[in-house]
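J.: So the protein sequences, as listed, match chains A and B. Read in order, the letters of the first sequence correspond to residues 104 to 264 in the working numbering. Read in order, the letters of the second sequence correspond to residues 30 to 630 in the working numbering.
Watch out, some of these pointers could steer you wrong.
[What the hints assert, rightly or not] Facing chain A, according to a computed beta carbon distance under 8 Å, are these residues of chain B, among others:
{"id": "1", "residue": "37"}
{"id": "2", "residue": "41"}
{"id": "3", "residue": "42"}
{"id": "4", "residue": "225"}
{"id": "5", "residue": "232"}
{"id": "6", "residue": "241"}
{"id": "7", "residue": "418"}
{"id": "8", "residue": "426"}
{"id": "9", "residue": "429"}
{"id": "10", "residue": "431"}
{"id": "11", "residue": "456"}
{"id": "12", "residue": "457"}
The hints are simulated quantities; they were obtained by calculation from the structure and are not laboratory data. Values in this document were obtained by computation on a predicted structure and should not be read as measured data. Every residue gets a Cβ at the ideal spot worked out from N, C-alpha and C, and that includes glycine.
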Amino acid sequence: MGSDDSVRGEPLTVLLVEDNLAHAEMVKRSFEDHRVANKIYHVSDGEMALDYMFRRGQFADPSTSPRPHVVLLDLRLPKIDGLQVLKEIRSSEDCARTLVVILSTSAAETDVARAYEYHANSYLVKPVDFLRFTEMMDDLGFYWLGWNHFPWGEAGRRSES
Amino acid sequence: MINPRDLAIRPKIALLVVITTAGALFLSAAATGIYSRFALERGALRELQVISEVLANNTTAALAFSDEVAARKILDGVAAKRSIVAAMVHRADGTEFVSYVREGFEGEILIDDGDRAVGPAQKIASQYLLQSTPIEVGGRELGRLTIQADYSELNEYFLNTAWILVVIALFSCMAAVLFSFRLQRLLVQPILDLASVTQQISKEQDFSLRAVKLGGDEIGDLVDSFNHMVSEIEEAARALRESEERYQTLADASPVGLLRTDAGGNFTYLNERASEITGVSMNEMDEAGLLSVIHPEDRQEVGALWREAVAKRVTFRGEYRFSQADGGVSWVLSQARPEFNEQGELLGFLGTLTDLTYRKRGEEEREALISELEAKNAEMEQFTYTVSHDLKSPLITIRGFLGLLEKDISLREQKRIESDMEHIESAVHRMTLLLDDLLALSRIGRVMSPPEDFSLAELTRDVVALLSGRIDQRGVEVVVDPELPRVFADRARIEQVMQNLLENGIKFMGDQEKPRIEVSLRREGGRQVIAVRDNGIGIDPAYHLKIFELFDRLSLDVEGTGIGLALVKRIIEVHDGNIWVESEGVGHGTTFCFTLPLAEK
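Using the sequences plus the hints, can you model the full thing?
T.: Here it is as C-alpha cells:
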C-alpha cells in the first residue's frame, strides 16, 4: 500500500479551510472511512487559516494545532480570500512547502489558472454527486499519504511535533 | 516767402504775361532806343560832315583869295543849322581865318586849335561834336574848317523818344495783361474746372461726377483721361462694394466663426458665429482680448502654439475651450494665420473657429456610456459567477447529505439521520432565500414604484416599530433624528434599505452592553447625508468596500445570505445616491452613510 518511505503509522493531518459548515461536515464524514488514518482540523475563514498556519492566537499551541500534511483550501472564504491565504502560505519560509489542495465548487478555468499561478499543488472541484465526492476524498488521502513523499524527512518531522 | 510754384494758375499766368510782355516790350524798347540813339548819332555826324564839306567847299575860294567877308558870309549861313554853335576856318599855318559863333552861345569854344586833326567827327565832353575838314585846292591844303556842334539836343531828342517808347511799352504791357486775362480764360477755365471737379470727387467720394470737356486740346485730352479714370474708379468702387456685401453676407451666414485680431490678441473683427462661440459681442470687441475668453486651463497651451505659429509663420491649428461669461464652455477647432506687413512685423491673426462642443460632448458622453457599460458588464460577470457558485454550494450539500442519509439509514444511525436531514433542510432553505434575494435584486431598477415625496423620519420610525421585537430582544436603544429630511424616492425600497441597515446594526452588536443605534442627518460638502450609526463590533477598514459586494459575508456566525448590503447599495444607486461605510475598525462601531434625492420645497 505505498512506498516504504511514506509516513505510514502517523495519521494524515489535514487542515480543512471551509466556510460552509455543511460541506465541512461532508468532508469530515467522507474521511471517516478512509483507507488512511487521518485527523481533520477545521477552520471556517481565511484569517483563522493563517492563524493556524503561523501558530497565532488560539492556535499557538502546536500540540493542539499540529502542522498539517495537507491543507484543503476552499477559494471563497470570508475575511481573507482563499487565494490570499495560499499566497501567504507560499511566501512564508516556514510554511512554503506545505501541500495545498484547492477544494472548490468552482470549475472556472480562470480560478484554476489563478490557483496554479499562486502555486497550489492541486485543484479539486467538489462534485455534486455524493458518491463521487467520497471517492474523491478517499483517493485524495490515499494518493497524498499513500504515494506522495513529503518534503520533510524523519528529522524535520520530529522537530515539528 | 511764397514758392512761386505754389501760386494759383491765374496769378501765375498773369505774372507770366506781365513778365514776358514787359520783358519783350522793354527789350524791344531798349533795342529800339539804343538803335535810334546810334542812328541819330550817326545821322547827326553824317549831317555834320556833309555840312562841313559843303562849307569847306564853299569857303575854298574865299580862303584862297583871303576874302574874309565872303568867308564870313558863308560861315554865317551855318546859322540855319541850330545845332552848330561855332565854326572856324584856319589857314594852313594854323591861324584863324574866320570864325563864327552862334548868337547867344556861351559855352566853351573848342575849335581854336588849328592843329585839330581832320577826320570823322569827334565827340568832346559828351556835349559837342567837332568836325574838321581840310580845305584844299588841287591837292594842296589851304586850310581847315572846324565845326563845333552841340548835340545835347540830340540827347534831348533821344530822351524824348525813349520816354515815348517807355510809355508805349507800359501801355502795351497793361493792355496785353488785360487782354490776356480775358484770353487766359480759354486756357485756364478748363483747368480750373477740372481741378474743382477733382476736388469735389475726392471730398465727397462721389465717383459719378465728371469734368466737362471744353476744347480739343491737351486739356481736353486730360479731361477725357480723367473722366475715364473716374469711371473706372466708380466701377471698381461698385465692384468692391458688391464684393464686400457678398463677403458680409457670407460671413454672417457662415456656420464657422470668422475672426481677426491685432498683434496684441485683441479682436478687430468677429462675425456673428464667432461672436456666439466666444461669447464676445461685436460691441465689446474692443475691450476683449482673445486670451481673456479662452478657458484658463488652455491659455498656456494656446499661447505657446500661437508663438510657434508666429515664429515659424505657419497656420496655427488647435483645439481648445472658450469659457463664456455665463459659465458656459465651448470647444472649438481654431485655424488661424498670422498676418505680417511688408517689414515682417506681426499685424494680427485671421482665422476660423469651428464649434466642436457638440462633438466633444458627444465624445464625453460616449466615453461615460462606455465606461458605465464596462462597469455594468463587469458587475454582471461577477454576479453570474457568484450566483453560480452560491447556488451550486447548497446543491452539493443537499446531494451530499442525501447520500450520507442513505448510508446512515442503512446503518441505523438515528442521530446522524436527524443531523443529515437538518443539513438538507437548511441547504434548501438557503437556496430559497438566495433565489428570493436574487429576484429582488434583479427587480431593482426594473420593477420600481414611482417615486413619491415622503418623510424619512416617519418611515424610519415605522421600520423601528416593525423591528421592535428584535430591538427589544437585544435591548437596543434606537434614536431617530426628527430633522431627517423629506425625500423623493420609491418608498417601499427605501423601507427595505432602512430595514436592512437597522437589522445589520442589531445583528452586529456583538458584546455591546449598551447597544445603541442612531439615525441622524449630517450636512457635509453641501449635501445632506443620512447616517445610521451603531456602537457594535465595527468593520475593519480593509473590508469597507467588500461588504457591499454580492455574497460577501464577514462572519459566519450571523445569519444572512450576504445579499443584503448589495441590494441596499443597488437601491440607493438607482436613486442616484451614494452609500458608504465609516468604521475605525473592530470594536469601534459602524456608521452607514447614504444620500438620496431630496423632496423639493
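J.: Where does the structure disagree with the numbered hints, that is, which hint numbers, in rising order?
T.: 1, 2, 3, 4, 5, 6, 12
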